[in-house]
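J.: Protein chains in written order, with numbering that gives the first Met the number 0: chain U, 0 to 379; chain D, 0 to 129.
Note that these hints are calculated values from the structure, not bench results. Think of the CB as a built atom: it goes at the ideal place given N, C-alpha and C, for glycine as much as any other residue. Please note: incorrect hints may appear among the correct ones.
As the list claims (entries may be wrong) - A short, non-exhaustive set of chain U residues, derived as facing chain D with CB atoms under 10 angstroms: (1) C73; (2) L75; (3) G136; (4) M147; (5) Y251.
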Amino acid sequence: MRRVYVAGVGMVNVGKHVDKSLRDLAGQAALKAMEEAGNEVPEALVVGNMLSSLVEQENLASLIGDHIGLRGACGLKVEGACGSGGLALMTGYSLVASGLFNKVLVVGVEKLFERPSADVIRGLAYAADADYELIYGVTFSGLNALLMRYYMSKYGVRYEELAYWSVLMHKNGSRNPYAQLRNEITLDDVMKSPVIADPIRLYDSCPLSDGAAAVFLVSEDIKKLTDTPVTVAGVSNSIDSTDLSSRLELDYLLASSTSARNSLKMAKVDLREVGVAEIHDAYTITAALSIESIGFAERGKAPKAWSEGRFSPGDKPSINLSGGLKSRGHPVGATGVYQVAEVVMQLRGDFPGISVPAEVGLTQNIGGAGSNVTTVVLRR
Amino acid sequence: MTTIQRVWRLKNTLLNLLASRCSVCGHVTYPPKMRCPVCGSRELREESLPREGEVLSYTIIRVPAKGFEDFTPLIIALIKLGDAKVLAEVVDVKPEEVSVGMRVVATVRRTAQTIDGGVPYVIKFKPLRS
Ligand SMILES: [Zn+2]
């Protein structure tokens, strides 16, 4: 396979964009990435998205591609629930690595603030098993709450230890100009926020978000497009059951573990070399399960590690300098592309928030409650 | 917001708790699959799970999904039934009285109305009082 380089990235501020449509958000991020790549025109457009049905729109690659003047190019959409963005990146990677195209633009986009929140909550739950889980009215927060209580009871982890993750993420995100929630919070704020799905409170959860991010991938033939080229060194996706009932383990994300191991192997990188990482912390429990399944902490030990200062800015790895899903926000199908754009900027040294020097970065993007996980390893 | 035909298709699994047991490795999985998730065998046979079990984890949903407003607060649990786990609603108990390890038994109850106006019945679980 050919080597694949990142020639440009683009992001829009994550948040509530009542004044911007899905195509506007996607177009803005896409054009920014194309500008960074010296206004090169992509031969293919890969869109990551989960819930455009909420705005009554499918056929996204044609819609967005035409909006940014790409008639005639190849266009497709990739879906893997909240993990759609990571999957879009992997698809774009494979289109370049295979030799089919030299220039591929990957765009993740999500537009949630259009319908009443009950519709959005229902839509997000489509990531779960409609036949065997949604029939009982369980929400996505509810499924993660089941994992959280199981984890807390198995490892004797207290609620406060998990909740502290949110405090850390708001601290990181307060410096990120693209972040949705840029206020710092205290542990008391988290513990007094309303319960959504016991034991998950509002501040244990990521917000609902609109957003779009883009990554311009090019082959080795035209890597000259950028003077600090970042390589996509490894990329891997792995699935697990959508339903929690038939999971082999409830306190470990097997798909995340497999995906991380395979992407590191492909990149010929040891986990200890990873300097910066963006992980999928949709809930505080997801942060713990992600950190442990990637291998950054032992099982049941992630909350203790972060309470002792592990993963904070400057540590190796520094995790979620963007503020993560909790503070940057979680524009569902765009999140995996934001993560890659953020880590690329960290490696280039031009991330506008908290920035640390690093040679190797990793992103981990989860669809469903751990049922579809993409890990990307980037190297400068 | 499900449909009546979906509930009808699922009647065996949702009302009789039919799981699949692998004839090769013995793994039991619910909901049933077409190949064994552990060994890949297609030699699976249907097996009804026991109707009594134990709560492995639970949540109390305060912010409902559309269509479940009347069922809120909604208690959802993962319940160990023999060699498998089942996700289902727990009823006949106050939210503050649910606990990990609680013994429960299956009961047939009404769930949220379908979009085509049906009133479906599914298995839920209630505390096993000795
Ligand atoms: Zn088997």
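J.: For every hint, state whether the structure bears it out.
T.: Verification of the hints:
1. C73: 34 angstroms, violated
2. L75: Hint violated; U/L75 Cβ to chain D Cβ min 28 angstroms, cut 10 angstroms.
3. G136: With a minimum Cβ separation of about 3 angstroms from chain D (threshold 10 angstroms), the hint on U/G136 holds.
4. M147: 8 angstroms, holds
5. Y251: 14 angstroms, violated
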